[in-house]
Amino acid sequence: MSRTIDAVVSPTQTNTIPADISGQMLDLDEDDDLEVFSKDSTLADGNMFNASMPTSPGSMVNQCKFEEDEESDSKDIFITVDNPESHVTAIETFITYRVLTKTTRSEFDNSEYEVRRRYQDFLWLKGKLEDTHSTLIVHPLPEKFVVKGMVERFNGDFIETRRKALHKFLNRVADHPILSCSEDFKVFLSAQAWELTTYKKQGPGFLSRMGETVRAVANSVRGVKNRPEEFTAIQEYVEDFSNKIGSLDKVTQRIVKEQKEYLEELKEYGPTYTLWSGSEEELAEQLKGVAGCIERCCKETEEQVGHLSDTLVPVLHEYVLCAETLKAVLRRRDNIQAEFEAKNEALATKKVDRDALKEEIDKLEDRVEWANNALKGDWGRWQRSMRGDLKSAFLSTAEKNVDYYEKCLAVWETFLLSQRTEPSEETDRDNTP
Amino acid sequence: MMADSGPEEIAVIGNTDLTSAELENNIKNTMVEIEKWTSLLRKMEISVGEAEKRTGKNTVNMQEIYTVYLIETRPVDAVTEGIIPAPDSLWRRYSEFELLRNYLLVTYPFVVVAPLPEKRAEIVWHKLSADNMDPDFVERRRVGLENFLLRLACHPVLCNDKIFYIFLTEEKGWKEMVYETGFQAKADSRLKAMNAAFRVKNPDKRFTELKHYSDELQTVVSQLLRVRARVADRLYGVYKVHGNYGRVFSEWSAIEKEMGDGLQSAGHHMDAYAASVDDILEEEEHYADQLKEYLFYTEALRAVCRKHELTQFELEMAAQDLASKKQQKEELVTGTVRTFSLKGMTSKLFGQETAEQREAKLQVLEQQIEEGEEAVKEKNTESDEFVKTAWIDIEHFKDQKDRDLKEALISYAIMQISRCKKGIQVWTNAKECFNKM
Numbered sequence: 001m002s003r004t005i006d007a008v009v010s011p012t013q014t015n016t017i018p019a020d021i022s023g024q025m026l027d028l029d030e031d032d033d034l035e036v037f038s039k040d041s042t043l044a045d046g047n048m049f050n051a052s053m054p055t056s057p058g059s060m061v062n063q064c065k066f067e068e069d070e071e072s073d074s075k076d077i078f079i080t081v082d083n084p085e086s087h088v089t090a091i092e093t094f095i096t097y098r099v100l101t102k103t104t105r106s107e108f109d110n111s112e113y114e115v116r117r118r119y120q121d122f123l124w125l126k127g128k129l130e131d132t133h134s135t136l137i138v139h140p141l142p143e144k145f146v147v148k149g150m151v152e153r154f155n156g157d158f159i160e161t162r163r164k165a166l167h168k169f170l171n172r173v174a175d176h177p178i179l180s181c182s183e184d185f186k187v188f189l190s191a192q193a194w195e196l197t198t199y200k201k202q203g204p205g206f207l208s209r210m211g212e213t214v215r216a217v218a219n220s221v222r223g224v225k226n227r228p229e230e231f232t233a234i235q236e237y238v239e240d241f242s243n244k245i246g247s248l249d250k251v252t253q254r255i256v257k258e259q260k261e262y263l264e265e266l267k268e269y270g271p272t273y274t275l276w277s278g279s280e281e282e283l284a285e286q287l288k289g290v291a292g293c294i295e296r297c298c299k300e301t302e303e304q305v306g307h308l309s310d311t312l313v314p315v316l317h318e319y320v321l322c323a324e325t326l327k328a329v330l331r332r333r334d335n336i337q338a339e340f341e342a343k344n345e346a347l348a349t350k351k352v353d354r355d356a357l358k359e360e361i362d363k364l365e366d367r368v369e370w371a372n373n374a375l376k377g378d379w380g381r382w383q384r385s386m387r388g389d390l391k392s393a394f395l396s397t398a399e400k401n402v403d404y405y406e407k408c409l410a411v412w413e414t415f416l417l418s419q420r421t422e423p424s425e426e427t428d429r430d431n432t433p
Numbered sequence: 434m435m436a437d438s439g440p441e442e443i444a445v446i447g448n449t450d451l452t453s454a455e456l457e458n459n460i461k462n463t464m465v466e467i468e469k470w471t472s473l474l475r476k477m478e479i480s481v482g483e484a485e486k487r488t489g490k491n492t493v494n495m496q497e498i499y500t501v502y503l504i505e506t507r508p509v510d511a512v513t514e515g516i517i518p519a520p521d522s523l524w525r526r527y528s529e530f531e532l533l534r535n536y537l538l539v540t541y542p543f544v545v546v547a548p549l550p551e552k553r554a555e556i557v558w559h560k561l562s563a564d565n566m567d568p569d570f571v572e573r574r575r576v577g578l579e580n581f582l583l584r585l586a587c588h589p590v591l592c593n594d595k596i597f598y599i600f601l602t603e604e605k606g607w608k609e610m611v612y613e614t615g616f617q618a619k620a621d622s623r624l625k626a627m628n629a630a631f632r633v634k635n636p637d638k639r640f641t642e643l644k645h646y647s648d649e650l651q652t653v654v655s656q657l658l659r660v661r662a663r664v665a666d667r668l669y670g671v672y673k674v675h676g677n678y679g680r681v682f683s684e685w686s687a688i689e690k691e692m693g694d695g696l697q698s699a700g701h702h703m704d705a706y707a708a709s710v711d712d713i714l715e716e717e718e719h720y721a722d723q724l725k726e727y728l729f730y731t732e733a734l735r736a737v738c739r740k741h742e743l744t745q746f747e748l749e750m751a752a753q754d755l756a757s758k759k760q761q762k763e764e765l766v767t768g769t770v771r772t773f774s775l776k777g778m779t780s781k782l783f784g785q786e787t788a789e790q791r792e793a794k795l796q797v798l799e800q801q802i803e804e805g806e807e808a809v810k811e812k813n814t815e816s817d818e819f820v821k822t823a824w825i826d827i828e829h830f831k832d833q834k835d836r837d838l839k840e841a842l843i844s845y846a847i848m849q850i851s852r853c854k855k856g857i858q859v860w861t862n863a864k865e866c867f868n869k870m
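Chains D and A, in that order, give the protein sequences. The first sequence begins at 1 in our numbering and counts up one residue at a time. The second sequence begins at 434 in our numbering and counts up one residue at a time.
The hints are simulated quantities; they were obtained by calculation from the structure and are not laboratory data. Where hints are given, some of them may not hold.
Said to hold, decoys possible - Here chain D is said to cover these stretches of chain A; the calculated rule only asks that three of the stretch's residues, wherever they fall, bring their Cβ under 8 Å from a Cβ of chain D:
#1 661 to 673
#2 825 to 839
#3 847 to 859
Where is the CB? At the ideal position from N, CA and C, for every residue including glycine.
One chain only, chain A, in its complex shape:
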């Protein structure tokens, strides 16, 4: 089900199962992006429609059950011409989404790449099972995957990526294509670099601050989500116990003459009250998912900061190397030894080198210095380029984050208002019944 959006003739994607808050969020997100940059969405609608279970053999040749998700795409033009053709579709499983994301991370290290929804349900409250096969979890994951694709499609850089496009349009052979790009080697070296320990002398302060921010954000949002889950748990208990009133009132009404009717109907309202909490908490789970997305975003932020550190470190190393070569040349030319070197010591012990030997060395050094200067220039450009492009994306991310989270908080307030209104209604009704007692 696609919704028409308006003057831009950009169809807004979405599954009707999204809550109105999420839909609005997606629409807003989409609209803003489209105004500024060319995006994939100008050309096609994307949605993650359904989920299905499949069985197959895994890598160790054992039977496994997994879920696949239906990705549907449709060119925008087709809709606006009045004809609504069936969308093209293909099935993808979660691990393929992961592969796509890893590819993008490696290929565009300056981009804050949108996170995937949880692989396993974590930070749940007791009623929600942590089972990956649980239909509610699968549904929420479906929504999360759709959101992920939309984020990519909106991104000015990522939306033009060929691998991404093929992910959406061709089911077979996509995996092989990804591996053919040779990204795996890059992925491995990236992993190594991420885990390496090195010290950067002059990192861009903005990145240092960003790293601190993402650490803080991770901590506070994790805590918030944990407490929220506990609150939800307790609220569930309160509502459900009221269901017992329903049962007892009903039994009691059987032995009372005057009070019977009032008690009986009051009991029904107590049952309704107890039942209402299920929907309330399901809705709140969507709010939690919105926060979780930004919790997972912190990892992407940290990755970009790390990349900057790496780039900066390489630049510093190159510059250091150049400086040392220049130093050596100077020493060779002037004949002074300011720095300690084994060669220097041995020559002192075993005699000076000949003029020819010195000349040869000088030539080598000059060559190295030339190369070094090139290297430094390159690294400098690389680093500047990275900082520039990364920072554009980060500013864009910050705006998106502020917008999205503001909407999320508003939708949370709306949920609380809705819950209060339901409470008022139930207890007003119950009061009427008690009055009749």
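The shape of chain D in the complex, shown without the other chains:
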């Protein structure tokens, strides 16, 4: 149903990533990048109960807690994503990443696992998590396709950026009290390639998914009638947040662009002083000094731009994607409620087996309650995460900027100091007639 194009590399079979891969990515049709999560996730309706989902909400809640504090001290699972490698087959070329897990959790048979996964696999995992926990907030994956100009944002190294985002994704899942207990997650971390393929084939087939889709669309058209006030408030917030974070993303990218253009001009500026010094005697040293200062400031500027691209830009971008995730979660919650409301209405009007219908309605009512609670709990968690992430990113940026100006200050002060020690020569010259 969805195209998976992880990477387009040159046909030669290599194990190292070609440096110019990012350049090739830009050829993709721009429409493809609309393949964002909101589309994917609406297909996965919370109505789907697959084998990995526990039957009662109660047992879920018992298994894991909602509280936050367990993360810092009692972290019992460590995951890293690294070592990208390209693979060439007859049909396609793609990249896999090494996923290394170290854990003391009892549900894992071993304490250490090393597997290789491709982007497609991550996409599958995300889909499963969202299917199973439709009103929990799953951290976004990096985009499937590359937008024109996006590569510049991420400092030109697409693979590295994606790797970091995938790493963050898995760790966020691992930190989540409910999601980390998911069987799908466990399988993702531990199964060998062929095992995973087999496992993926389980669960409802294509046709039943289609049925769910139709029902989901029908529900969303009907709309929810009595949405609780708190969820409307959340929706309004998400709308605003989405706008703001989108603006911040754009502003930051613009800053990076302007800063890079400034750097380009600055690189030409220093040499004009050096050129001049070639024509002078008394002034030569001083002119070279200024040229040197400008050159050193260039290096600092380059570092500062790099930091911005590596630290702030990816985080803002992540939260742009988060906003879309949140919208999808809210929609799914609405659909669950809508379905319940529809059946409830039918009870009053349609001439059917009332007992059977009543039982179904009770189940749906439970489902609504469970979905609401899940979302409520996760909402607070998400907000805390968001605050932490954004605060930390902005702090880091501010610190780096202070550091940048401090370094440049030192450069110019050193130069000034070297000039101030010369005045004694000056006055001697003045006094000679």
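Model the placement of chain A on the given structure of chain D, informed by the hints.
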């Protein structure tokens, strides 16, 4: 506003609108000159105070708007006696400054005459309008004109010029006075000479080197100024985009509870950061003006070199002429014809001249030789005198240039330090705000 300078009781001129670096520069310049030579500044303070717009009719009887500048002068003595009388003042427009300068160029060809500030704003970065009516441009030009007058007043030769003095003190009739000196004719012949093509056989090597230097200086400083303008343009962009953070943070803070305060105040610092670039770049413009002055000085340098070439060429021509006359005399006396001449050929064809004819010719030649020798002696003296006086002024110029540019570079470093400090402050403040998020 005049500042008192110290033991010499020479008042230092200046408008408080000068940056401290420029003021210091002017003071230094003034002080050094005064120590060595008698200068006009020993007697009076000079400043270019204000600028005003006037309307009038131009040479083709069309309405025009132009700017006039107020020149204020005050005798030094008046201040030191404790009384501060109002300064004498008059208004001059840019074209009158140009006339003064042209007069001085023609009258003192061995002097490296200080240049005027730009007539039109060139090598600007985008924010600065190239409009002559723009207040920032007019202000910078005012500073430039004051600097020009001060340079003249400091100059050991120029400061004693009567036309200059009258320029400063009498508004009416000055223009007529200038034309009465007949300098226009000299100016025209000078222009012709500047553009003429001739080859000098033995120019003073120092002048040749100076010409090369001034060409190089013009090239490198032009390039530097162009790149600097582009850098300024880009820097402006970087700072101003940060202003958007201010707006978005402010809007975002409205929907956040815990983060609201931190975001709001961080936003204010981002606005301050964006706004700070205007002053920063305005200050840098003064630095650019200091470099521009020396860029324009190269033209004056080249003019002096050219004058030397002209003088040397005239000497060489006179010497050549003398040598040729002497040659002719020798031929006439000895009867040999070593050089080709039409007369020689015709006499060969049509018969020799009589002894009387030869005698007459000889007398004429001897007369010419005598005159020629005088001419050569004169030209020689003229050339030596020129080289001597010009070279004194050039050495003086070189010292001034090294001093001024050294100060300019230091002031540039100070500007960068100031900008960095502002950056540190803003981002430290922003960091505090982010911490509160």
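Hints, one by one, checked against the model:
With 8 residues carrying a beta carbon less than 8 Å from a beta carbon of chain D, the segment 661 to 673 of chain A meets the three-residue requirement, and the given coverage holds. Counting residues of the segment 825 to 839 of chain A whose CB lies closer than 8 Å to any CB of chain D gives 5, which reaches the minimum of 3, so the coverage claim holds. Here the segment 847 to 859 of chain A counts 7 residues with a CB under 8 Å from a CB of chain D, which clears the bar of 3, and the coverage holds.
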